[in-house]
Amino acid sequence: MTRKFTKDHEWVLVEGDVATVGVSDFAQSQLGDVVFVELPEAGRVLEQGKEAAVVESVKAASDVYAPISGTVVEANQALVDDPAMVNSAAETDGWFFKIQIKDASELDGLMDEAAYKSFLEEAH
Amino acid sequence: MTEAASALKTTPLHALHVELGARMVPFAGYDMPVQYPLGILKEHQHTREKAGLFDVSHMGQVRLTGEDPAAALETLVPGDIKGLARGRMRYTLFLNEQGGILDDLMVTNAGDHLFLVVNAACKEQDVAHLREKLAGKAEVELLDDLALMALQGPMAAAVMARFVPEAATMKFMSYLPATFKGVPVVLTRSGYTGEDGYEISCDKADAEMIARALLAEAEVEAIGLGARDSLRLEAGLCLYGHDIDTTTTPVEGALEWTLPKRRRAEGGFPGYDIIHRQLTEGATRRRVGIQPDGRQPAREHTEIQDAAGNRIGEVTSGGFGPTAGAPVAMGYVDIANSAVDTPLTLVVRGKPLAARVAATPFVPQRYYRG
Chain Y
1 MTRKFTKDHE WVLVEGDVAT VGVSDFAQSQ LGDVVFVELP EAGRVLEQGK EAAVVESVKA
61 ASDVYAPISG TVVEANQALV DDPAMVNSAA ETDGWFFKIQ IKDASELDGL MDEAAYKSFL
121 EEAH
Chain V
1001 MTEAASALKT TPLHALHVEL GARMVPFAGY DMPVQYPLGI LKEHQHTREK AGLFDVSHMG
1061 QVRLTGEDPA AALETLVPGD IKGLARGRMR YTLFLNEQGG ILDDLMVTNA GDHLFLVVNA
1121 ACKEQDVAHL REKLAGKAEV ELLDDLALMA LQGPMAAAVM ARFVPEAATM KFMSYLPATF
1181 KGVPVVLTRS GYTGEDGYEI SCDKADAEMI ARALLAEAEV EAIGLGARDS LRLEAGLCLY
1241 GHDIDTTTTP VEGALEWTLP KRRRAEGGFP GYDIIHRQLT EGATRRRVGI QPDGRQPARE
1301 HTEIQDAAGN RIGEVTSGGF GPTAGAPVAM GYVDIANSAV DTPLTLVVRG KPLAARVAAT
1361 PFVPQRYYRG
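Line by line, the protein sequences give chains Y and V. Take the first sequence: its letters are residues 1 to 124, numbered as in my numbering. Take the second sequence: its letters are residues 1001 to 1370, numbered as in my numbering.
Hints should not be assumed to be uniformly reliable.
To be verified - Derived pair list, reagent style DSS-like, types lysine-lysine, alpha-carbon separation capped at 30 Å: (1) V:K1042 x Y:K102; (2) Y:K7 x V:K1181; (3) Y:K98 x Y:K7; (4) V:K1133 x Y:K98; (5) Y:K102 x Y:K50; (6) V:K1082 x V:K1133; (7) Y:K117 x Y:K102; (8) Y:K117 x V:K1042; (9) V:K1042 x V:K1204; (10) V:K1351 x Y:K50; (11) V:K1181 x V:K1050; (12) V:K1042 x V:K1082.
Worth flagging that the hints you see were computed from the coordinates, not collected in a lab.
So here's chain Y without its partners, still in its complex pose (with noise of 0.2 Å):
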């Protein structure tokens, strides 16, 4: 079970043929405090690189994209009602939500940990 990470900072855990979505902790550290999270109910068709949820800091808001093509079986509620878990447990409690993966080869195209943060430091 490898977490593997886009260049949009979005996380992908693979379990078996359902996926766990998040963003990263570089993602979490750039956006500030989060303060609102809208998520993609259960049921919705997600395209990969399209729109799937948006997150809100004091700040900004910023679109966090599908990182693999699937259906969403469930949204992270615990995450609706407190949005800081962003901030607090961005690759833990504070996933997003979870899709049926549609093509798991998709997967071979994002970056694993350790290239994710060979790319950070490229760029930052």
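Take the given structure of chain Y and dock chain V to it, following the hints.
Quick look at chain V alone, frame taken from chain Y:
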């Protein structure tokens, strides 16, 4: 550093911001701290609970001298400048011939001159405007050898009194030349947060010493532009270029309180005919506070609709108010929908969000009244 960043101007506190770990962003041509490691939310709360120090050295400080600078300035602004007592200050507006707002500013009667503080993004054009319109009547000097800081919050007075004892009894909107650890400063009891506090004008060379002395006090944290914006929005204060600009008049901007009786009667300022007509007959639109339902913020340029779904205006400032504990906004609506508690619909990312017209400030102002 990118080419764009290298072209930015810096304030005398730039190195201190970087040392404190600030995230720097371009603002009005300056490389400015948007937040420090504390973060916007905690910086905001800290200012409301204790005291925050802001670098506002990017703003323009202007000296106006001449035979009667107050009479001269009154030809450009609608405020009562002639009636401003020595040592007192007032908020007013530079207007154009259509009654539109060119900039908002603070004017202080400093005895032998008027001391103006104007917005950073407008300062060059304000000075050009003053020089052109007041040629032969007043001398205009942009004091770019000065720095400006603000110390804001309920503990600001106690902190300032440790350095400038006489600051404690200064009245709100008053001015006091003083000495801070041996260097000359000019204090005003004013600010842009809705809290008690001071603005501190000093020589550029002394700014870092003063900032470090204030930051060494237990109650004081450095606060960035992010929290400055959420603090002023909760306090219901306009941000020039967003909530007011050349297309809005003081009447449309709900700033009638800047139009005193004598000036309403006498006129003698740009746009008087239009403003006088709007005062008599009413304007067609008005700036109002907006309280969205729920927790989702509505940002600048969000469309505002009436109950029937007609577009009636746009949000001009919006975000999350950490002290209000809710999203807060302001914007323009048609006059028919401007009464407090009128239900509105905000269109946020294509979806309707229920809101209502709200009284401002969203958080009570706590100015020192003596």
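Going down the list of hints, with the structure as the test:
no.	hint	verdict
1	V:K1042 x Y:K102	41 Å, violated
2	Y:K7 x V:K1181	51 Å, violated
3	Y:K98 x Y:K7	19 Å, holds
4	V:K1133 x Y:K98	64 Å, violated
5	Y:K102 x Y:K50	14 Å, holds
6	V:K1082 x V:K1133	18 Å, holds
7	Y:K117 x Y:K102	27 Å, holds
8	Y:K117 x V:K1042	28 Å, holds
9	V:K1042 x V:K1204	29 Å, holds
10	V:K1351 x Y:K50	18 Å, holds
11	V:K1181 x V:K1050	22 Å, holds
12	V:K1042 x V:K1082	42 Å, violated
Violated hints for the displayed structure, listed by number in ascending order: 1, 2, 4, 12.
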